[in-house]
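Top line first, the protein sequences correspond to chains A and B.
Counting along the first sequence from 1, when you hit position 136 you're at 136 in full-length UniProt numbering, and nothing is skipped either side.
Counting along the second sequence from 1, when you hit position 167 you're at 167 in full-length UniProt numbering, and nothing is skipped either side.
Derived by calculation from the structure, the hints in this document are not laboratory data.
Here the structure is a predicted model, which is why all the values come from computation and not from measurement.
Certain hints may be false.
Since the list gives no way to pick one copy over another, a pair counts as held whenever it fits inside one copy or between any two copies.
[What the hints assert, rightly or not] Under the rule of at most 35 angstroms between Cα atoms (straight-line distance), these lysine-lysine pairs were calculated in the DSBU-like manner:
1. Lys124 / Lys145
2. Lys134 / Lys145
3. Lys124 / Lys167
4. Lys124 / Lys134
2 protein chains.
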Amino acid sequence: MYQLYDYPTSGNGYKVALLLHQLDLSFRYLETDILAGEAQSPAFLARNPNGKIPVLITPEERVLSESNAILLYLAEGTPFLPTSREARFEVNQWLFWEQYSHEPYIATSRFWLHHPQSGSFQDKIAERRPGGLKALAMMENHLAKNDFMVGDGYSVADIALYAYTHKADEGGFALADYPAVSAWVARVAAQPRHITIEEKTNFTGT
Amino acid sequence: MYQLYDYPTSGNGYKVALLLHQLDLSFRYLETDILAGEAQSPAFLARNPNGKIPVLITPEERVLSESNAILLYLAEGTPFLPTSREARFEVNQWLFWEQYSHEPYIATSRFWLHHPQSGSFQDKIAERRPGGLKALAMMENHLAKNDFMVGDGYSVADIALYAYTHKADEGGFALADYPAVSAWVARVAAQPRHITIEEKTNFTGT
């Protein structure tokens, strides 16, 4: 069985839980309280020296970090990752774009608003706003012409972008302003074996 | 022939130029003055709506952005990308780590110090310093036990990390404090068909 070290509201951890569930791979959810410093403990740092969740332990005891790299690893050879060189490039392009040009704006704003105990970040939220608006506008343009992020089917590119986009309102970004993105959010949520971000913490069995 | 739209001091563009040269793929270097807004022009945004260099146009007229996705695309089927599922995961893990946990600290500090005309960023440079020190410490620990970033050979993981690491001094980070990283920098520079970041702009022929 897989073991997923994660924090409940994390979209990065949600990506991994969602794909595991859609691949019908059973996993155990292990809550890691990043606000209490649990990702900086010696035990955690031995697994991921970068001190970040999610960390996925495979049944073969491999220790994996970096959510989008984990998606590519799990999706290899499945319908969630296209096989042509061109489509794989597009998946990778969106995954790197998500980590550099989307997550630092949309996810980070949500984290600060969601966890006021982590400090007063009003200035930083304002600073990150233009980047978040730009990211959503890029997605809107793309999804106005395409049903999914890459090609004509659901892939890990959708999972990676869905994780924080569907909660953008919680970061102060009004998804209702982006009709194509909103329609895509509904399309992703309608995929077989979809689970919500809240449901990921249900998988605590052994 | 490939066409590479890039800015001379960009490490992200250098990654692509270095791999193209090492793969013996000829390319034309097209300088894009990002400080003069050339990456925000309608013509450029038609190629990359994200308004960032590098952009690579392939001989088949495919338009590629996101430097690390370009590395994976070009390296497919070559000795610069390992073939086992496990090693490919490690390459991807380092590539995503580079974009999220290394580049925003080390490259950004260098950009601000390198281009004082882009504004006064002393506060931001101080804010980014701990992240840069952490990234270099992680590389030092890894390279104290390994000659290369993944497995026992040179790969796109080395190219992606080398691009900004070898110029870390220009961002205020003293590479001399990291002996294993410094030895790896020399090892990468000694690879066949290596070109320096300055040499990438020489490829302006047609």
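Hints, one by one, checked against the model:
Taking the shortest Cα distances, lysine 124 and lysine 145 sit within 35 angstroms of each other inside one copy (33 angstroms), while across copies they are farther apart (38 angstroms). Taking the closest pair of Cα atoms, lysine 134 and lysine 145 come within 35 angstroms of each other only inside a single copy of the chain (17 angstroms); across copies the shortest separation is 41 angstroms, beyond that limit. For the homomeric pair lysine 124 and lysine 167, the shortest alpha-carbon distances inside one copy (19 angstroms) and between copies (28 angstroms) are both at most 35 angstroms. Taking CA atoms no more than 35 angstroms apart as the test, lysine 124 paired with lysine 134 passes in both settings, with 16 angstroms inside one copy and 22 angstroms between copies.
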